[in-house]
Amino acid sequence: MSSQAWINLAYLVASMLFIVAFKLMTGPRTAVRGNYLGAAGMAIALLAACFEPNVQETLAARGGWPLVLVALAAVIGAAIGATMAIRYPMTGMPQMVALLNGFGGAASTLVAGAELWNATATAREAASPLPAWTQFAIATALTGLIGAVTFWGSLVAFGKLEELPQFKKAWTDPNRHWINLGLGLGTLLLLWGVCANPSSNLLFWALVIVGSVLGCTLTMPIGGADMPVVICLLNSYSGLAAAAAGFVIDNSVLVIAGSLVGASGLILTAIMCQAMNRSLVGVLFGGLGTTTAANADDVYAGKVKSASAEEIAMVLEGADRVVIVPGYGLAVAQAQHAVRELANALEKRGTTVEYAIHPVAGRMPGHMNVLLAEADIPYEKLREMDDINPTFPETDVAIVIGANDVVNPAARTDPKSPIAGMPILDVDKARTVVVVKRSLSPGFAGIPNPLFAADNTLMYFADGKKAILDLTSALEKG
Amino acid sequence: MITASLPLLIADTAAAVDPAATFIRLLTVFLLAMWVGFEVITKVPQRLHTPLTSGSNAISGITAVGAIVVAATVAAAGYRFGNLLGLLAVVLAMVNVAGGFVVTHRMLEMFQPKKK
Chain A
1 MSSQAWINLA YLVASMLFIV AFKLMTGPRT AVRGNYLGAA GMAIALLAAC
51 FEPNVQETLA ARGGWPLVLV ALAAVIGAAI GATMAIRYPM TGMPQMVALL
101 NGFGGAASTL VAGAELWNAT ATAREAASPL PAWTQFAIAT ALTGLIGAVT
151 FWGSLVAFGK LEELPQFKKA WTDPNRHWIN LGLGLGTLLL LWGVCANPSS
201 NLLFWALVIV GSVLGCTLTM PIGGADMPVV ICLLNSYSGL AAAAAGFVID
251 NSVLVIAGSL VGASGLILTA IMCQAMNRSL VGVLFGGLGT TTAANADDVY
301 AGKVKSASAE EIAMVLEGAD RVVIVPGYGL AVAQAQHAVR ELANALEKRG
351 TTVEYAIHPV AGRMPGHMNV LLAEADIPYE KLREMDDINP TFPETDVAIV
401 IGANDVVNPA ARTDPKSPIA GMPILDVDKA RTVVVVKRSL SPGFAGIPNP
451 LFAADNTLMY FADGKKAILD LTSALEKG
Chain B
1 MITASLPLLI ADTAAAVDPA ATFIRLLTVF LLAMWVGFEV ITKVPQRLHT
51 PLTSGSNAIS GITAVGAIVV AATVAAAGYR FGNLLGLLAV VLAMVNVAGG
101 FVVTHRMLEM FQPKKK
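So the sequence lines, in the order shown, correspond to chains A and B.
Each residue of the first sequence is one higher than the one before, starting from 1 at the first, in this note's numbering.
Each residue of the second sequence is one higher than the one before, starting from 1 at the first, in this note's numbering.
Isolated chain A, as found in the complex (with noise of 0.2 angstroms):
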């Protein structure tokens, strides 16, 4: 067997590995293998890089040092990448993997100008140039612009979830789509120029360049509620950049992975669109309409009820059943332990925990899990939204902390509200409801929840840690 046919095979083997990592992750104990397995078969697709002819023949020429060079690149990036990942906070998980996301997509970009200019090079010093819409050309291209695309995007995006000052608006100027349009259209013309005249490494880099400021531009007016599409579908573009970079070197096993990651992300996409009754279209260029929405005021107006710690414990203490509704308030708070914490003291008190998780709530897909996973809840206690809804007549108190659109009963009822259709957590169908927020300020929705103003909803005003700490406390001695 030749030693093409040996790398080959290596990469076949890797492939096989990503795709059992993938199958794995059906259950949280067989996935930690799977994970395993997946980079297993990194590890080999690497190593096995190392192999190909083009490499061979340049040790051959020159010695080990060009092989050094890269794996002490190698090492570098591990340790970088290894690093942020041991030291991040869990609460930063979202942008977290925003930030490796675009890394991803910069490295498919390089790859792709890398290879445009080694071998314009050499095709200037034989003197014959790059043939035009060849694979190459379109190719590097197409991953030259979805790379760039997808490391702006995710820088704007980690920007976002950081909550760094200059994001915290999003960008709604009014002409943003004649911007978009024009930026959109000055990409296809480049990307066009690219394919009809691969030999102009400017013309490349101008499309990455213009690549770039749509990837900002794409992602600046996206705020609050929809990261969890933004995010799924800037991974589905590193995914689809790094099988673009398949095409321009000929390679299997990019093809393969970047397009099982690029699959992954769109079907989180449609879960996470469909989980806010909302097109992709419209999370990516609607922005909420918000004229419909009936007036606060109306809504709230003297039917408010505000309850202290002491007076919620009583409500808690007579309950069998409890269910607890995180949403991005939580995380915010940072009270994932302090809910932990209230759910053993009502369960020493025999009442039945669960937690009800919206597909939606957070700024990532599963990312209440994850925070609640952190502090050691048990994972069989958090239930979908589907599974949990027919249970919400049965259950005593439903303690609402830091949500608010996904528990909107205006979603059902109100055909006009902006949200109207979007699946929802039915909690106003407990016969209690306490809702822990720090004031009446409307979700990212920007509409009233007529759930605060409801008869059997108590509000309880303070913030979200503070407040399950002294609900706690209040139970305790009580």
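Bear in mind the hints are in silico, worked out from the structure with no lab data behind them.
Treat the hints with caution; some may be incorrect.
Unchecked claim - Think about it this way: if two alpha-carbon atoms lie no more than 30 angstroms apart in a straight line, the pair counts; the simulated DSSO-like pairs of lysine-lysine are:
hint, chain 1, residue 1, chain 2, residue 2
1, B, K43, A, K23
2, B, K43, A, K381
3, A, K466, A, K303
4, A, K416, A, K305
5, A, K429, A, K466
6, A, K429, A, K303
Please build the complex by placing chain B on the supplied structure of chain A, with the hints as guidance.
Relative to chain A, chain B alone:
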């Protein structure tokens, strides 16, 4: 004639491969892998969506393979700017790979039942 001037671009060592045939072969791989991805990933439960995102994120660092090849393929004329870009790509892709797998592992560890 034209393809012969691009020895570095064509991974297949077999000479005179029809470029359209190469494209169709890769397109086949791409579409089938997408299909497998859809089938496998729709079965991942909601509570594992964050580890799924970070794990797939790590796998998208596969572009490191391309980065290694382009960085370590030095022309007879010597190092070019492209090799430098390739080295930078190796660093970035490895941040993605190592960071992704480690962070996924950290998360999945939290999902394990604790022995008390």
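Consistency of the hints with the structure:
1. B/K43 - A/K23: 8 angstroms, holds
2. B/K43 - A/K381: Judged against 30 angstroms, a Cα distance of about 20 angstroms means the pair holds.
3. A/K466 - A/K303: 25 angstroms, holds
4. A/K416 - A/K305: 26 angstroms, holds
5. A/K429 - A/K466: 27 angstroms, holds
6. A/K429 - A/K303: Holds: A/K429 and A/K303 sit about 18 angstroms apart, inside 30 angstroms.
Violated hints for the displayed structure: none, as all numbered hints are satisfied.
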